[in-house]
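Based on the sequences and whatever the hints tell you, model everything.
Just so you know, the sequences run in chain order A and B. Sequential numbering of the first sequence, starting at 5, is according to my numbering. Sequential numbering of the second sequence, starting at 12, is according to my numbering.
Since the hints were derived computationally from the structure, they do not count as laboratory data. Using N, Cα and C, we set each Cβ at its ideal position, and we do this for glycine too. Careful, some of the hints might be misleading.
Stated by the list, open to error - Capping the alpha-carbon separation at 30 Å, the derived lysine-lysine pairs in DSSO-like fashion look like this:
1) Lys446/B to Lys383/A
2) Lys156/B to Lys378/B
3) Lys444/B to Lys382/A
Claimed, not checked - Selected chain A positions facing chain B (in silico; Cβ < 7 Å):
4) Gly210
5) Ser213
6) Ser214
7) Leu215
8) Met216
9) Gly217
10) Ile219
11) Ser220
12) Leu234
13) Asp237
14) Ala238
15) Ile272
16) Asp275
17) Pro327
18) Leu341
19) Leu344
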Amino acid sequence: MKKLLVFSFLWCCVCALAEAPSTVAIRNAKVVTVSGQVYAKGTVVIKNGLIEAVGDNVTVPPDAWIVEGEGMTVYPGLIDALSTVGMPGAGNANAGGRGRGAAAQAAPAAQAAPAARSWGPEDRPQTSSWLLAADELQAGDKRVETVRGGGITTAVTYPTRGIFGGQGSVIDLVSGEKPAEMVLVPSVGQYIAMGAGRGFGGGGGGFPSSLMGIISYVRQLYLDANHYKLVKDAYAKDPRGMKRPEYDRALEGLMASQRFLLPANQTIEIDRMLRFGAELKTISPVPQSMVLYGARDAYEPEAVEMLKKANVPVLVSIHWPAPPARSADGDDSNETLRTLIEREKAPSAPAALQKAGVKFALYSDGAESPREFQRAVKKAIDAGLSRDEALRALTLSPAEIYGISDRVGSIDAGKIANLVVTKGEIFDDRTQVVMVFVDGKKYVPEPPAAGGRGGPATDEPGAGGNQ
Amino acid sequence: MKKLILGTLLALAPICAETIVIQNATVMTEGSKGIFKGSVVVKDGKISEVGEKVMVPAGATVIDAGGEYLIPGIIDCHSHIAGSGGINEGSVSVSSMVNIKDIINPDDIAIYRALAGGVTTANILHGSANSIGGQTLPLKMRWGKSAEELVFAGATPGIKFALGENPKRSGNPQGGRGAIGAIQLGRYPATRMGVEDVIREAFNDAKAYKAEWDAYDAKVAKGEHPIAPRTDLKLQALKEVLENKRYVHVHCYRADEILMMIRAADDNGFHVRTFQHVLEGYKVAKEIAEHGAGASTFSDWWAYKIEAIDAIPFNAAIMTKKGVVVSLNSDDAELMRHLNTEAGKAMKYGGMSETEALAMVTINPAKQLGIDKTVGSIEVGKDADLVLYDGFPMSDFAKVQKVWIDGTQYFDREKAISQQATKEAEKQQLMDKEKAAQRPMSNRRPNQ
Numbered sequence: 005m006k007k008l009l010v011f012s013f014l015w016c017c018v019c020a021l022a023e024a025p026s027t028v029a030i031r032n033a034k035v036v037t038v039s040g041q042v043y044a045k046g047t048v049v050i051k052n053g054l055i056e057a058v059g060d061n062v063t064v065p066p067d068a069w070i071v072e073g074e075g076m077t078v079y080p081g082l083i084d085a086l087s088t089v090g091m092p093g094a095g096n097a098n099a100g101g102r103g104r105g106a107a108a109q110a111a112p113a114a115q116a117a118p119a120a121r122s123w124g125p126e127d128r129p130q131t132s133s134w135l136l137a138a139d140e141l142q143a144g145d146k147r148v149e150t151v152r153g154g155g156i157t158t159a160v161t162y163p164t165r166g167i168f169g170g171q172g173s174v175i176d177l178v179s180g181e182k183p184a185e186m187v188l189v190p191s192v193g194q195y196i197a198m199g200a201g202r203g204f205g206g207g208g209g210g211f212p213s214s215l216m217g218i219i220s221y222v223r224q225l226y227l228d229a230n231h232y233k234l235v236k237d238a239y240a241k242d243p244r245g246m247k248r249p250e251y252d253r254a255l256e257g258l259m260a261s262q263r264f265l266l267p268a269n270q271t272i273e274i275d276r277m278l279r280f281g282a283e284l285k286t287i288s289p290v291p292q293s294m295v296l297y298g299a300r301d302a303y304e305p306e307a308v309e310m311l312k313k314a315n316v317p318v319l320v321s322i323h324w325p326a327p328p329a330r331s332a333d334g335d336d337s338n339e340t341l342r343t344l345i346e347r348e349k350a351p352s353a354p355a356a357l358q359k360a361g362v363k364f365a366l367y368s369d370g371a372e373s374p375r376e377f378q379r380a381v382k383k384a385i386d387a388g389l390s391r392d393e394a395l396r397a398l399t400l401s402p403a404e405i406y407g408i409s410d411r412v413g414s415i416d417a418g419k420i421a422n423l424v425v426t427k428g429e430i431f432d433d434r435t436q437v438v439m440v441f442v443d444g445k446k447y448v449p450e451p452p453a454a455g456g457r458g459g460p461a462t463d464e465p466g467a468g469g470n471q
Numbered sequence: 012m013k014k015l016i017l018g019t020l021l022a023l024a025p026i027c028a029e030t031i032v033i034q035n036a037t038v039m040t041e042g043s044k045g046i047f048k049g050s051v052v053v054k055d056g057k058i059s060e061v062g063e064k065v066m067v068p069a070g071a072t073v074i075d076a077g078g079e080y081l082i083p084g085i086i087d088c089h090s091h092i093a094g095s096g097g098i099n100e101g102s103v104s105v106s107s108m109v110n111i112k113d114i115i116n117p118d119d120i121a122i123y124r125a126l127a128g129g130v131t132t133a134n135i136l137h138g139s140a141n142s143i144g145g146q147t148l149p150l151k152m153r154w155g156k157s158a159e160e161l162v163f164a165g166a167t168p169g170i171k172f173a174l175g176e177n178p179k180r181s182g183n184p185q186g187g188r189g190a191i192g193a194i195q196l197g198r199y200p201a202t203r204m205g206v207e208d209v210i211r212e213a214f215n216d217a218k219a220y221k222a223e224w225d226a227y228d229a230k231v232a233k234g235e236h237p238i239a240p241r242t243d244l245k246l247q248a249l250k251e252v253l254e255n256k257r258y259v260h261v262h263c264y265r266a267d268e269i270l271m272m273i274r275a276a277d278d279n280g281f282h283v284r285t286f287q288h289v290l291e292g293y294k295v296a297k298e299i300a301e302h303g304a305g306a307s308t309f310s311d312w313w314a315y316k317i318e319a320i321d322a323i324p325f326n327a328a329i330m331t332k333k334g335v336v337v338s339l340n341s342d343d344a345e346l347m348r349h350l351n352t353e354a355g356k357a358m359k360y361g362g363m364s365e366t367e368a369l370a371m372v373t374i375n376p377a378k379q380l381g382i383d384k385t386v387g388s389i390e391v392g393k394d395a396d397l398v399l400y401d402g403f404p405m406s407d408f409a410k411v412q413k414v415w416i417d418g419t420q421y422f423d424r425e426k427a428i429s430q431q432a433t434k435e436a437e438k439q440q441l442m443d444k445e446k447a448a449q450r451p452m453s454n455r456r457p458n459q
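Following this line, the structure appears as structure tokens:
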């Protein structure tokens, strides 16, 4: 064991640079495949970035680099189902519209110029539906390494600025020169946000300035896309005598999206967005599926019931609501009972969804430093989510929601070699991520500084401190 | 459905009963039976019998009103409650593309408080920042139900127009970021002339839009397959106005702009359903009556802005005498809770009878909203939207005891009061729990 630590230390010294021998075998480790079996003493063979074999009776190829997995557990690489990692100017993720830090609001390079005042839907306000995360990726983003330290190997990352932010891409969190190496699937869906008022800098007071304005704009853009396709198809069939349809990148971007993500935290928002999403699906000129994100109040039985009935997958933010900074006497009597209950119950939403059999995945929503991430997931587990389901909600479930379970999300032969190797059970307080494989490349995360408290202040009574 | 009870202050599960008999009540029907002492029978959400003596059906829940007053549920023709994310899309001078229906917030505590003031139906309007504002609709105050379940089924939707200071001031943002004293024209219009122009121009566009769709529909009817025109949500709403499928509710104050609006409507072939606020309506009551519009005004508010300078508390009574259907509205979540006393003021100012006065918050707004066939009075066949007061309902001292909508009880004063303590205790418990979890943090570094 000591030897291994020294080994790890050496890895750190080379700044967690990836080593990519063509064949690696992790043997004698506990292997949690997620798709099926758990092998108490299993072996995983990685070859050319793919999983070659997994099981308890696997022949280790003679040319393989051996990782002695004794005392360690191998999990599929975790998938952050909604992220902004790698996006220029995204800072600490702001997905979900209530992330941390003003950096999240910074303009992506592609949109640096201030938007002109919008006078209506025809000005396509706060729209960059054509942006493709894969095209915007910054390989040098420091967050790639940070996120990977918590065991996240894959992220579905989105341009999130404005109402129609753009199309998300599935990326593998490899550190490399070329962003293209990261891309698994270039376009998986359109990110739609409805943050009326606050933080909506674009447009200088222009349209839309209210939630109903945003909703009507989204509806109009879908209606326009519908009409655009009608006219384009007719023109393609016979252009003679017909005015050519004007190219509209906002509509092209919308039509290139195979699904759309709608924000919904409160139960009334879940109700509102389920109905609105169903309407958009009927207007859309191309087949699209719907995903909701946020789901803070999905602990309420009514919310769960609606989601179950609608059969719509949900991405649950693990950025749980926190109490506001209190005055010295702790007087918070202005808070409503609803707010207090929401704070108490929000982490139990995943458990409620699990119980009802609603398809859901978890996403970091800014809680992406390894310590924060681990803690946030643990909160859901403490609130009743089974460990297996927590793992599934960060592996196979997001893969299924995005239709990529044939390549990631579980440890199966033929899939991409994205793995997390831990000491201790994943999501436990003291669990250490020993190494991470992304596309078969091995990364050893930097351990938290000795004696220091990684991440922000703890919420455990008596933890840390200097009494 | 016991929706959203959890976490809602003062929430009460609606109590449903198949058949209810409210006995021994002083019933102010606002209908053909006038005021009488007797009973009202409710069956399957509808009023099934009204009379001095009624047969109590087997299995009915009997409520003894003890001589207290029973009135039809109060209807507020102008409210802005129960919306999420703003009720003004003030960025543009024509915002008819937006719809209050998209942002109904059934969790708004103002719904419950309106109920506590005897309101059972409210016309939820877009704000008055634009010459032509957003699409609107009446809701029933079914507290605890989902957004869709609040919608007044079968009611004709509306649209808000606004004249005068609000739409023109919106073009002139105050406290601008530019040079001091400089007039910043945020958007057109900045004058009353401009407001009229915006409305007329919008209807020019709407008529062209309608013609385009009518031509398309005609071709389709002939079996042709033309390419459909583009759907424009902004013009679509105005097309519906031209087709008499959407009511126009016009925010206005001055007599001149009221006449302007009537001319603009006549010229463009549409109809104003109600003039809202209409504080100078008494000056042009004859013209309003001739146009067939209703007037929804305030009781005795005036001089809170320049264009309200010529308001008089006799406005409602004078317009009524000139043949206008008049209602009194709240325009405000607080005023909404005592529309009964607003109506009472008309008995002092203008000498209205108690029936006439109460009509201004019950049957008259129902007529204005085109829902008087189902609500607004206590008559057989109508929705059982009922309010029980512990005294003469237009007195300052009268308190709402019970409220029913469609025969389902949504408010009970006694229960509301008793529930308060439980909810407060629950709140305290949660706050204490959070504080206990935080304490070790704050104590971690003593004396530093």
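Against the structure, the hints:
A threshold of 30 Å between alpha carbons decides the hint, and for Lys446/B with Lys383/A the separation of about 18 Å falls inside it, so the pair holds. Taking the CA atoms of Lys156/B and Lys378/B, the gap is near 26 Å; set against the 30 Å cutoff, the hint holds. Annotation: proposed proximity of Lys444/B to Lys382/A holds, straight-line Cα distance about 19 Å (limit 30 Å). At about 5 Å, the closest approach between the beta carbon of Gly210/A and any beta carbon in chain B falls short of 7 Å, and the interface hint on this residue holds.
Taken as an interface hint, Ser213/A checks out: its beta carbon lies about 4 Å from the nearest beta carbon of chain B, inside 7 Å. Because the closest C-beta pair between Ser214/A and chain B is about 4 Å apart, less than 7 Å, the hint holds. Taking 7 Å as the C-beta cut-off, the interface hint given for Leu215/A holds, the closest approach to chain B being about 2 Å. The restraint placing Met216/A at the interface with chain B holds, with a minimum CB-CB distance near 4 Å, inside the 7 Å limit.
Evaluation of the Gly217/A hint against chain B yields a held restraint, the C-beta minimum of about 4 Å falling below 7 Å. With a cut of 7 Å, the hint placing Ile219/A at the interface with chain B holds, because the nearest CB-to-CB distance is about 4 Å. Annotation: Ser220/A was flagged as interfacial toward chain B, and the flag holds, the nearest CB pair being 4 Å apart, inside 7 Å. Using the Cβ-Cβ criterion of 7 Å, the hint placing Leu234/A at the interface with chain B is satisfied: the shortest such distance is roughly 6 Å.
For Asp237/A, the shortest C-beta to C-beta distance to chain B is roughly 9 Å, which exceeds 7 Å, and the interface hint is violated. Residue-level restraint check for Ala238/A holds (minimum Cβ-Cβ distance to chain B is 6 Å; threshold 7 Å). A hinted interface residue such as Ile272/A counts as satisfied when its beta carbon comes closer than 7 Å to some beta carbon of chain B; here the least separation is about 6 Å, so the hint holds. Annotation: interface hint on Asp275/A holds; nearest CB of chain B at approximately 6 Å, less than 7 Å.
Annotation: interface hint on Pro327/A holds; nearest CB of chain B at approximately 6 Å, less than 7 Å. A distance limit of 7 Å between C-beta atoms decides the matter here; for Leu341/A the minimum to chain B is near 5 Å, and the interface restraint holds. The interface hint given for Leu344/A holds, since its Cβ lies 4 Å from the closest Cβ of chain B, which is under the 7 Å cut-off.
Consistency with the previously given hints fails for number 13 only.
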